Each structure stands twice: as structure tokens, then as C-alpha cells.
Amino acid sequence: MMEAPSVTVRLFARLREAAGTSEIALQAQDIRGLLDALVAKAPSVGSELLEADGQLRQAVTVMVNGRNIEFLGGLDTPLRGGDTVAVFPVVAGG
Amino acid sequence: MNTKILRVNMERLTAEFEELPDAYRSLGGRGLTSAIVAAEVPPECHPLGPRNKLVLAPGIVTGTSAPSSGRLSVGGKSPLTGGIKESNVGSRFAQTLARLGIRAIIVEGQFKEGYKLLAVGKAGAELVDASQWIGQGLYASFERLEEAFRDRVDICGAGVVAEMSARNSGLAFNDLEGRSTRYAGRGGLGAVMASRGLKFIVLDGDGAPGVEVEDKEVFDRGRRKLAEGLKAHDVTKPGGALASYGTNVLINVMNEAGGLPHRNFSSGQDPRAEEVSGERKAELIQKRGGVRPHACHPGCIIQCSEVWTREDGADPMGVLEYESVWALGPNCGIYDLDTIGELNRACNDLGLDTIETGNTLAVVMEGGLLEFGDGAGALRLLEEVRRGTPTGRLLMHGAAFAGTALGVTRVPVVKGQAMPAYDPRAVKGIGIAYATSPMGADHTAGYSIAPEILGVGGKVDPLDPDKGALLRGLQRATAFIDSAGYCLFTAFAVLDFPEALEGMVETVGGVLGTPLTVDDVDAIGKKILDAERTFNAAAGFTQTDDRLPEFMHLETLPPHGHVFDVPAEELDAVLRDG
Ligand code: SF4
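Note that the protein sequences, when read in sequence, are chains L and R.
Under the numbering used here, the first residue of the first sequence carries the number 1, and numbering increases by one thereafter.
Under the numbering used here, the first residue of the second sequence carries the number 1, and numbering increases by one thereafter.
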């Protein structure tokens with residue numbers, strides 16, 4: 001099997017506090033794999049990201065190179081080497 | 001229900017109470033200011049001439065125990081856009097005005113021999129000489145006004161730029177510590193007040209009778225439902241996103257999405273944004289001993305506000321909002337929060353709107369007056385504004401005026417008003433709001449960023465141009481909220497929790513004693529927008545004013561390379577159809 005691509009994960013707001021870092025380098029084939037790898041590396045973000053049943057919380061926004069995964073392939077969105085993945089808890093302003 | 005209007009005639013120097021006409025009984029906030037302006041101001045008048053009027057109206061539930069409802073609408077014909085204007089502000093001033101039993105203050109006519117101050121209290125209203133306050137910064141004036149009257153009076157003030165008839169002059173209101181930091185900033189209403197010969201309004205709420213609620217049971221039920229919604233939503237709850245980081249948390253989100261305008265809307269992303277982000281600011285506020293969270297008025301559950309200070313924790317400036325950080329920061333190529341804080345302080349002191357000021361600075365940077373990123377130079381320019389030098393005069397009328405003076409073609413305005421902190425090429429819905437709102441480019445007219453970027457109130461693709469119906473609904477709902485007197489940020493909970501929306505509507509119905517349901521919201525909002533659009537048409541606006549500047553259709557926005565591609569027919573249908 002090919003080695004999974006390396007991507008940069010950027011965390012924001014409460015997720016950053018929970019993880020204790022704003023940026024993590026991870027390897028994953030797709031977003032589902034990336035979230036697993038993220039929780040494995042920073043278990044404290046788990047409850048911020050995922051519902052009890054392991055689904056991504058509705059309020060969490062995940063962007064790959066600035067595009068929300070909702071409008072790409074959702075959790076199956078494939079990753080390529082050098083991608084930037086931004087993960088936000090629900091935030092707002094105006 | 002309170003039924004008093006205070007009419008202040010600056011030509012005759014009278015301040016008299018009159019009965020609220022029946023036609024206005026169910027109106028408040030924006031609904032009332034726009035109705036009065038539409039009825040009493042000739043649309044073709046000069047905004048700074050004798051026939052314009054300034055109208056201040058608290059929302060319908062403002063002054064009651066309804067949460068996050070200390071909001072005031074200020075209306076008139078805008079010297080910036082040439083159209084009708086409602087500018088909204090959160091301040092205890094709004095609550096005190098409502099508790100004094102006053103549904104609106106109408107300031108008309110002109111006093112030309114200097115300036116007056118309008119003092120209003122339980123005993124009545126009077127105009128007194130204000131010459132001693134002329135030409136001074138607003139921070140010092142607000143402090144001295146508290147000394148001259150009493151602690152905890154509420155103040156509305158026009159700054160030195162308003163005295164110079166600046167199209168970019170806001171009206172300052174006090175925060176809870178009495179500083180001049182809460183602004184009805186947009187559209188030049190400071191100059192409308194100053195051109196009447198009125199410099200300050202001071203309210204003394206001591207012994208104010210309060211707001212009469214017609215149906216207490218309905219009101220209380222609604223208030224509970226809304227408060228529960230606000231306390232449950234991740235964005236609005238105590239300790240939630242807005243309380244923890246303030247509005248400025250959006251810097252990183254918008255930058256990631258490629259929609260945070262940098263260097264006069266020439267790029268949508270820059271790695272330096274992190275330096276001025278909400279996360280960074282929250283960290284610094286904590287380190288310096290500033291205040292966060294903080295409320296703009298008593299009774300706000302959400303508390304998005306804060307007190308920013310200098311590096312040593314001294315000289316509290318007030319709140320450093322997302323829009324202000326962006327306008328005075330990344331949009332000018334400035335990525336230092338302390339410089340941005342000082343620019344914001346200068347705006348608050350002079351009476352300038354931060355969004356318009358940041359855009360103006362960026363346009364003159366593009367025009368070669370200053371390098372992008374030159375914060376010290378930007379501060380120097382604002383001192384020229386204070387002194388009213390020729391350069392200062394070039395800067396005080398907003399981005400469109402400065403762009404014309406310097407021959408700049410990339411000028412991000414609609415109807416003469418500069419754009420807020422979202423590039424419409426990356427987020428199409430907000431571009432529809434900018435284009436079609438009767439107010440000019442205004443993100444608060446229909447805050448589609450919530451579903452387009454933040455995943456609040458649904459999730460829609462920011463790049464999908466087909467959003468006419470969404471923006472029609474949002475603009476109407478917003479007009480309702482602005483009339484009710486709620487902070488627009490209550491919408492984050494209301495969009496996601498139907499019971500909270502129901503509660504909001506019930507509080508309005510409870511105060512008025514009118515059975516209202518959620519189904520009435522759209523029609524109420526439509527009526528307000530129709531009145532505003534009719535005024536603008538009579539003032540000379542046509543369909544071609546409902547457009548974004550040409551460069552947004554022609555120049556692609558890095559890094560993602562989009563242009564604004566919503567067709568003109570779609571824009572024209574937004575507020576006409578449905
Ligand atoms: S959420 Fe912020 S702006 Fe809105 S009322 Fe509360 S403190 Fe004021």
C-alpha cells in the first residue's frame with residue numbers, strides 16, 4: 001500500500017486550546033483517516049470534534065485548502081501531499 | 001406600551017413631547033426610524049441641509065428584561081450613500097431612552113450659531129449651550145460630560161470630524177465604563193447630527209418609569225424561550241465562542257476560506273493574519289489584564305465585547321471588533337494588534353467609522369499616499385484628519401471620495417459605502433447583501449456568512465451564486481430583528497433553535513399587546529425594506545446602484561481565483577420578487 005500523504009492540520013479557537021497546539025503534521029488518505037489520526041495524537045480534541053457515536057459534530061467545520069468538506073467529498077474527501085486542513089469548532093462573529 | 005416622541009427643533013430651539021401617531025404604534029428601532037424618515041424627509045434633500053432629520057429609536061423590547069436587547073437604531077438620509085440609512089448600536093443609552101418612555105427622538109431644523117447639547121431626563125428635555133465641547137476628542141469629552149452631569153449618564157456624541165461635515169462620521173455612544181466606544185458608525189450620521197447644530201445628547205435615566213409591557217405573560221414566556229436558546233447555543237452561551245474570543249475569531253476562519261480581504265481587496269489570504277486573530281487577541285487581553293468577556297449594555301447574555309488596552313495594561317481603548325481589526329489591519333497590510341488598537345482608538349476619539357476608515361486608508365495606500373503596512377503613517381494621517389488639513393479633508397469622506405481624488409479604480413464600495421470584512425468573490429451570498437441592501441455595502445443587512453462559512457443556520461456552498469431567495473429572507477428577518485431591538489448575534493441561536501425564534505417574536509408581541517407569530521416576521525421585514533427602497537428610488541437610485549464595483553467581476557481573487565459571478569437579473573430579483 002502507498003504511504004499516506006503528509007498534510008498540515010491547523011486548529012482554531014477551542015480546538016487549539018484543547019490540543020495545546022495550533023498546527024500538527026499528519027499523514028492520512030482522506031478526512032476520515034485524518035480525524036482518526038488527529039484524535040490519536042491529541043485525544044483531548046476528541047470530545048470537541050466527535051459525537052458519542054464517533055460522527056463528526058454538526059458544528060465542526062473542516063476545510064481542505066479553504067473548501068468546506070461538505071462541498072467536496074465529506075469525510076471521504078481524499079487528501080494530497082501538501083494539503084492544508086483547517087478544523088474549526090463552531091464560531092461566529094460579524 | 002410607551003407612546004411618546006421627543007421632537008427637537010434646532011431652528012426654534014424647542015424640545016417637545018408629542019404622542020406617537022397610531023400608524024407607528026407597532027414599530028420600533030429600524031422600522032420606526034425608516035418609517036419616520038420616509039414620511040418626513042424629502043428624499044431629494046441635501047443630507048446636510050435644513051430638510052434632513054436625525055431619528056433615534058430604541059427597539060420594541062429594548063429597556064425590558066429581554067436578553068441582549070439594548071440596541072438603538074439611528075436613521076436619516078445618509079451623506080455617504082445619498083440614500084436612507086439605519087445605523088445600529090448596542091449601548092445602555094438605548095435602554096435608558098426606552099425606559100424614559102421615549103419611542104423616538106426626532107432632531108430637525110438647523111441651529112447655525114454653534115452647538116447645543118440635548119439633555120433628557122425624567123423631568124423633561126432641554127437644549128443647553130455646548131460651545132465648550134467643540135473641537136475636542138470624544139474620549140475626554142465623554143469623561144468630562146459624566147463629571148458635568150453625573151456618573152452613569154448615557155451619552156451620544158458627534159466627533160470633530162462631524163463638525164467638519166465628514167461623510168465618514170459616526171455617532172459615538174457610551175460603553176458601560178462611559179467611554180466613547182460604541183458606534184452607530186456607518187453612513188455619516190454624525191455629520192447629520194452636527195449639521196443640525198447638535199453635538200451631544202445626554203440621558204439621565206434616574207427615576208425613569210420603564211417600558212410598559214402590554215401582555216406580561218406572553219412576554220415572559222417568550223423571554224424565557226429566547227434566553228434558554230441563547231444559553232444553549234455553542235456560539236451565544238456564556239463561555240461560548242463569542243464570549244471566549246469575540247467577533248475577531250473570524251479572522252482565521254475567513255483567511256482560511258480565502259475570503260479575508262488583504263491590501264485593499266487584492267488577496268483573500270495571507271499567513272500573517274494569525275498575528276491579528278481572535279485567538280491571539282484573547283491571549284494578549286488575558287496577559288495584559290484587559291477584560292473579556294464584556295457586554296455593551298446590561299442584560300446581554302452573549303457578551304461578545306472586551307476591553308483592549310495598551311501593552312502595559314494601561315489606557316483601556318474599548319472593544320476591538322473583527323470588522324475594525326480587519327479594516328485597519330489586514331486590509332491595510334498591517335499585522336500588528338497594537339498598531340490596529342491605536343488606529344481604532346483614533347477613530348473612536350475623532351468620531352470615524354472604523355470600516356470606512358480602514359477602507360479609505362487602504363485606497364489611499366493603493367493611490368500612493370502611503371505604503372501598505374505603514375501603521376505609523378496611517379496614524380499620522382488620522383492626525384491630519386483631526387487637524388482638518390487638506391490631506392485630512394481628503395480622508396474624512398470615505399473610500400469612494402478618496403479613490404476619486406487619487407484616481408484609484410479598485411474601490412470596494414456599493415452606493416458609496418465601503419465593504420466590510422468578507423470578499424464577495426469568495427462568499428457570493430454576502431456580495432448579494434452588499435449589492436442589494438438599501439444601506440450600501442453592509443454585512444449586517446443579511447448575514448449569510450453564518451450558513452456560507454460558519455455552518456450556523458444550515459450549510460450552503462459559499463461559491464454557489466444562486467442565493468437570491470436566501471438573501472431575501474435574511475434581509476427581511478434582519479429588518480425584523482433590528483426593529484425588535486435585539487442584537488443581531490441573537491440570530492445565531494434563533495437560526496438554529498425554532499423555539500428561540502418563537503420566543504423572540506413573543507416578546508415583541510407581548511410588549512405591543514399584539515398576537516404575533518413567526519409567520520409574521522417576513523411580512524414585517526418586507527414592509528420595512530419596501531419603505532427604504534421606495535425612499536432610495538425617489539432619491540435617485542436605480543438598479544445600477546444595486547451592483548458590486550466592476551473590479552470584482554474582472555479581477556480574480558487570490559489564492560482561489562474566483563470572481564463575483566452573480567448575474568444582474570438575480571440581484572434585481574432579490575428584493576423585488578417574493
Ligand atoms: S452580543 Fe455583543 S454586540 Fe451584541 S448585545 Fe451583546 S455585547 Fe453587545
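If you are wondering where the hints come from, they were derived from the structure by calculation, not from laboratory data.
Remember, predicted model here, so these are calculated numbers, not experimental data.
Careful, some of the hints might be misleading.
To be verified - Straight-line distance between alpha carbons at most 20 Å, and here's what the computed DMTMM-like set of lysine to aspartate or glutamate pairs gives: (1) Lys287/R with Glu17/L; (2) Lys459/R with Glu51/L; (3) Lys237/R with Asp30/L.
Structure-based check of all given hints:
1. Lys287/R with Glu17/L: holds (16 Å)
2. Lys459/R with Glu51/L: holds (19 Å)
3. Lys237/R with Asp30/L: Distance ~33 Å between Lys237/R and Asp30/L Cα, so the pair is violated.
Checked against the numbered hints given earlier, the structure breaks only hint 3 and satisfies all the rest.
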